[in-house]
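Counting in the working numbering, the sequence shown runs from 253 upward without gaps.
In short, the hints are calculated from the structure, not lab data. The reader is advised that the hints may include incorrect statements.
Said to hold, decoys possible - Label-pair distances were calculated between CB atoms; the ranges are:
1) Lys299 <-> Asp453: 50 to 56 Å
2) Leu491 <-> Leu332: 45 to 51 Å
3) Lys267 <-> Thr329: 54 to 60 Å
4) Lys299 <-> Lys530: 15 to 21 Å
5) His441 <-> Lys532: 51 to 57 Å
6) Gln495 <-> Arg397: 18 to 24 Å
To be verified - Below, computed lysine to any residue pairings styled on SDA-like, alpha-carbon distance capped at 25 Å:
7) Lys307 <-> Leu352
8) Lys369 <-> Phe443
9) Lys439 <-> Asp426
10) Lys367 <-> Asp464
11) Lys307 <-> Asn273
12) Lys485 <-> Ile501
13) Lys307 <-> Lys367
14) Lys489 <-> Asp464
15) Lys374 <-> Gly469
16) Lys411 <-> Gly488
17) Lys517 <-> Pro328
18) Lys367 <-> Lys485
19) Lys341 <-> Thr329
20) Lys496 <-> Glu477
Note that beta-carbon positions come from the ideal geometry of N, C-alpha and C, so glycine has one too.
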Amino acid sequence: MLDINRILKSNRQMKALTGMNIVEFELLVPRIDDFISLNISSRKVRKRRIGGGRKGVLNSMELKLFFILFYLKVYPTYDLASAIFGVDKSRVCRWVKELLPILESTLERSYALPKRKVQSLKDLFDSFPETKDLFIDGTERRINRPKQSKNQRKSYSGKQKSHTRKNIVICDEDRRIMYVSPTKNGKVHDFTQAKKELLFDNVPDKVCLWVDKGFQGIKNIVPSEQVEIPHKKPKGKSLSADQKQENKIISSLRIVVEHAIGGIKRFGCMTQKYRNHKGKDDQMIKLCAGLWNFHIQNS
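The task is simple: from the sequences and hints, build the whole structure.
Structure (structure tokens):
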């Protein structure tokens, strides 16, 4: 069993094992404790006091939080986690199912979770009215190859040359993730997915969208003065020196969305090949984005 008291004395170990430093971890512990206590008190009358019965392996709030952060950061198999924590792998599976929703609700109460569904960008700006620049990009992560050929075609990403699942991410200039789209199969193009999610409808005035060359055609939907997109090299020709310089400037400013996506991918569940059942990957990217926003809020 891991010695959490020893780990809590080392920032380096905390970041390596949970993706959080000691200060952030200690800020999140009482919020999870408050959420669990609130839910217990709202249930029907208990027959014995809180804490009665057999004591589990995760017998403190620190251990519960440490375990679920450890799972997201390291992304061990259930067999490996069971060996580390000294329990059966079925117990590890139950811990993950129980603690992921608790962590999600706690981050939501901390105003750290990104938006998941919007009717248009206007809805997003109603929640973040002070934002003037939005940086948009797609991110993918590999999955095991589906057994059925039909599902293989749907999930195959020509860009990654692999079977993937993908999301569209929107952040502001402070690298705060404001929106994460629902998870789709890798075959769907970034621009197509963004259009289906209505992200380019009703863009407020004086708002600038920063995108990469994968979003060709956006100027047919959004006024050109509200879009910053790199120049695409014409077939058989080359870009001028001025166009190359403009591309360099746009890339240097748009790098914040790459940093935000990198913040999500601090966690192993976002970089390793996805192993869980379909559907939980959508919950995982939402949680990892929320943990990144929590880090931004408290740094």
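Status of the hints after comparison with the structure:
no. : hint                          : in the structure
1   : Lys299 <-> Asp453: 50 to 56 Å : holds, 54 Å
2   : Leu491 <-> Leu332: 45 to 51 Å : holds, 49 Å
3   : Lys267 <-> Thr329: 54 to 60 Å : violated, 22 Å
4   : Lys299 <-> Lys530: 15 to 21 Å : violated, 39 Å
5   : His441 <-> Lys532: 51 to 57 Å : violated, 24 Å
6   : Gln495 <-> Arg397: 18 to 24 Å : violated, 40 Å
7   : Lys307 <-> Leu352             : holds, 21 Å
8   : Lys369 <-> Phe443             : holds, 17 Å
9   : Lys439 <-> Asp426             : violated, 30 Å
10  : Lys367 <-> Asp464             : holds, 22 Å
11  : Lys307 <-> Asn273             : violated, 28 Å
12  : Lys485 <-> Ile501             : holds, 16 Å
13  : Lys307 <-> Lys367             : violated, 37 Å
14  : Lys489 <-> Asp464             : holds, 20 Å
15  : Lys374 <-> Gly469             : holds, 20 Å
16  : Lys411 <-> Gly488             : holds, 22 Å
17  : Lys517 <-> Pro328             : holds, 15 Å
18  : Lys367 <-> Lys485             : violated, 34 Å
19  : Lys341 <-> Thr329             : holds, 9 Å
20  : Lys496 <-> Glu477             : holds, 19 Å
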